[in-house]
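Chains as they are written, first to last, in the working numbering: chain A, 1 to 256; chain B, 1 to 365.
Keep in mind that the hints were calculated from the coordinates and are not lab data.
Mixed in with the good hints, there may be bad ones.
[Stated by the list, open to error] In silico EDC-like cross-links for lysine to aspartate or glutamate, where the CA-CA straight-line distance does not exceed 16 Å:
no.: 1; chain 1: A; residue 1: Lys-120; chain 2: B; residue 2: Asp-10
no.: 2; chain 1: A; residue 1: Lys-147; chain 2: B; residue 2: Asp-12
no.: 3; chain 1: B; residue 1: Lys-6; chain 2: A; residue 2: Glu-227
no.: 4; chain 1: A; residue 1: Lys-199; chain 2: A; residue 2: Glu-27
no.: 5; chain 1: B; residue 1: Lys-6; chain 2: A; residue 2: Glu-27
no.: 6; chain 1: A; residue 1: Lys-17; chain 2: A; residue 2: Glu-227
[Unchecked claim] Anything over 12 Å on all C-beta distances counts as not near chain B; from chain A, calculated:
no.: 7; residue: Asn-8
no.: 8; residue: Pro-28
no.: 9; residue: Ala-76
no.: 10; residue: His-110
no.: 11; residue: Glu-113
no.: 12; residue: Ala-143
no.: 13; residue: Arg-171
no.: 14; residue: Trp-192
no.: 15; residue: Lys-199
no.: 16; residue: Arg-217
no.: 17; residue: Leu-233
no.: 18; residue: Thr-235
Ideal Cβ positions, reconstructed from N, Cα and C, are used throughout, including at glycine.
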Amino acid sequence: MSLLQVENLSIAFGGVKAVDGVSFSVEPGEVFTIVGPNGAGKSTIFNLISRLYEASSGQIIFDGQDITHRPAHDVARLGIARTFQNIELFDHSTVLQNLLIGRHSRRGTHWWEDLLFLPKVRRSEREHRRIVEEVIDFLELAAYRDKLIAGLPYGVRKVVEIARALASQPRLILLDEPASGLSVEETQNMAWWIEDMQKDLGLSVLMVEHDMSLVSRVSDRVLAVAEGKPLALGTAAEVQAHAKVIEAYLGTEAAS
Amino acid sequence: MRVRFKSSYDDDINLFEDRWHLLQFGLLLAAAVVAPWLLGSYYLGELTSVLIWALAGLGLMLITGHTGQVSLGHAAFMAIGAFTNLALMLRGWNFFPALIASALVSGVIGAIIARPILRMSGIYLAIATLALSIIIEDVAIMAAPITGGVSGLFAPTIELFGVQADRYGDPAMFYYLCLALLVLVTLAYLNLLRSPTGRSFLAVRDSEVSARALGVNVARAKTLAFSLSCAITGLAGAMYAHLVQAVNYESFLVLISITLLLQVVIGGLGSIHGAFFGAIVVVMLPQLIAITRDLLNNSFGISMASYPGMDTAVFALIILLMVIYEPRGIYGIWIKVRTWLELFPLYRKGMFRRSRTYLKTERMR
Ligand SMILES: Nc1ncnc2c1ncn2[C@@H]1O[C@H](COP(=O)(O)OP(=O)(O)OP(=O)(O)O)[C@@H](O)[C@H]1O
Ligand SMILES: [Mg+2]
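Here chain A stands alone, though its shape is the one from the complex:
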């Protein structure tokens, strides 16, 4: 059974059909990439899956459960984590604090227990910290642990955001343009980390990315979308060679 199944998903903003009848599925342990020109509706698909937007029609099924109308704060607990295209970290906190907030969906204490800091809270804090340290090791962030986000280089922030998502121990991670704005070396590292997430952590990855060399390297399957509509589905090479895809990209280039 597919881990994530998206069926006929649509949403319109005013008159603009940002996503228009998109269907695809992500298998367990798969890296699935969505590509498409600017404004194609890729980030909107992510926002629909993480329930920040309400779908006007269609269905989202995760691990056999219909999450199309679940509140956004339930999604993380079910096992979906994400990053944002324009990095959304908690700027006034340290890397460690950011990752600890990433544990929120796994909290095991109530506010009144927190208020009294019962022994139970201390125990669960140690456990949260242990898992966060595993993520810090995995993504080699130890040097930045106690640094404030506001002072970090862009490339490091992107990694911290992925770390924060991993801290929630998801089964599916959504990466919105993980390599945008990164240097060649950083993009290289990003490719390794995506492969490690898939192979070592056994995660499914749903990714939006423009860098085709990264896409070809890590993706099992690729879906191309344009103007909210699906164009082609297949391996990276198949999709890149697809006539409609070439036309869509040429169209936008000619227009701009």
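Position chain B with the ligands against the provided structure of chain A, taking the given hints into account.
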């Protein structure tokens, strides 16, 4: 230069980083405990006042400094706490149960109001909470059976285990009462900040979308933060009523709400220190200005009496300079001084490149 070596996760979980840190707070507390022997009754009264404003400031800091929701309505919750406490004591309740009731009533009313109000953000939230401050004046007059109407209520004597503890009966006991309450609330506040609840408040402040994607129920977090904030402020209101001995509809005007907000901004948004520093400024600054005025008058023959409103103007000027040159408030200055001392002699200029802090008001969409 001091370097910290951490050896276990508990080093980051504990309230105090290390022995040195604990010692600092121990000394501060010891100083607070011996204060009544060192200070005359006037300055003891002022210090008590600082404690009460610090308590109220902590309340506002929780919702504005740590959850990012501006409130210009907190005087209303001081009023609710004050009237609840006095009304119950006048009906024969003991002080402590009545104090707990103040916190509960303020907290519950806060929670009820929070849902509709905290759906707003920025300037709309500021206006909605401001309206609370204005409404409370009328409510205080209309709810005469509880609030004593226009004439208000007088504070009855506080008796704790047979010992008088009110402001005039035994100022030192009243001071200790305020101190104990403040220490307890501060500890609870610190506990929140080092656990998931407090972190969810910070998350809501810094990025609501992220918070939601990470599993924070934003509406619930805001409601909880507002309710706890109101409960703390209600406690402060009750103690304030006993400090000034009589309250009526004029005791909690909009100006109090504004002063409270200034207090946390000047002190430093998003820090517990800030609530304390701010309280010192709010209580001491008028004194300082008055002393300066007398000094000018007596020593130099410059009479400021001919400029009414001078105090407020100077106060406003200081706030303005503060917001422009040190947006992180007195806490920001404090951090710089402390870092300078700790890193001596390695401190470099420009280590505190200023990163702007935002209130939700500035992020209007
Ligand atoms: N909240 C919103 N309100 C109105 N329109 C929106 C909203 N979110 C997205 N859109 C519109 O939906 C369309 C798709 O946007 P989306 O951000 O999903 O594109 P994208 O494929 O992620 O593009 P990019 O590669 O530039 O990130 C755009 O026309 C955008 O203007
Ligand atoms: Mg996008």
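Going down the list of hints, with the structure as the test:
Between Lys-120 of chain A and Asp-10 of chain B the alpha-carbon distance is near 14 Å, which keeps this suggested pair within the 16 Å criterion. Our distance criterion of 16 Å between C-alpha atoms is met by Lys-147 of chain A and Asp-12 of chain B, whose separation comes to about 14 Å. Of the supplied pair hints, the one linking Lys-6 of chain B and Glu-227 of chain A is violated, its CA atoms being roughly 53 Å apart against a limit of 16 Å. Restraint check: the Cα-Cα separation between Lys-199 of chain A and Glu-27 of chain A comes to about 14 Å, which is no more than 16 Å; the hinted pair holds.
For the hint pairing Lys-6 of chain B with Glu-27 of chain A, the CA-to-CA distance comes to about 42 Å; that exceeds 16 Å, so the pair is violated. The suggested pairing of Lys-17 of chain A with Glu-227 of chain A holds, with an alpha-carbon distance near 8 Å, which does not exceed 16 Å. Listed as outside the interface, Asn-8 of chain A is consistent with that label: its C-beta sits roughly 24 Å from the nearest C-beta of chain B, beyond the 12 Å cut-off. Consistency note on Pro-28 of chain A: stated as away from chain B, and its beta-carbon is indeed over 12 Å from all of that chain's, at 22 Å minimum.
A beta-carbon of chain B is positioned within 12 Å of the beta-carbon of Ala-76 of chain A; the least distance is around 4 Å. Once the 12 Å rule is applied to beta carbons, His-110 of chain A is inconsistent with being away from chain B; the minimum gap is 8 Å. Under the 12 Å C-beta cut-off, the non-interface status given to Glu-113 of chain A relative to chain B is violated; the minimum distance is some 8 Å. Look at Ala-143 of chain A: its CB is around 15 Å from the nearest CB on chain B, clear of 12 Å, so calling it non-interface holds up.
The claim that Arg-171 of chain A is not at the interface with chain B holds, since no C-beta of that chain comes within 12 Å of its own (minimum 14 Å). Against chain B, the non-interface label of Trp-192 of chain A holds: every CB pair exceeds 12 Å, the least being about 25 Å. Non-interface call for Lys-199 of chain A relative to chain B: holds, since the shortest CB-CB distance, roughly 25 Å, exceeds 12 Å. Here Arg-217 of chain A stays apart from chain B, with its beta-carbon at least about 27 Å from theirs, past the 12 Å limit.
No beta-carbon of chain B is positioned within 12 Å of the beta-carbon of Leu-233 of chain A; the least distance is around 26 Å. The Cβ of Thr-235 of chain A sits about 30 Å from the closest Cβ of chain B, beyond the 12 Å cut-off, so the non-interface label holds.
The earlier numbered hints that this structure contradicts are 3, 5, 9, 10 and 11.
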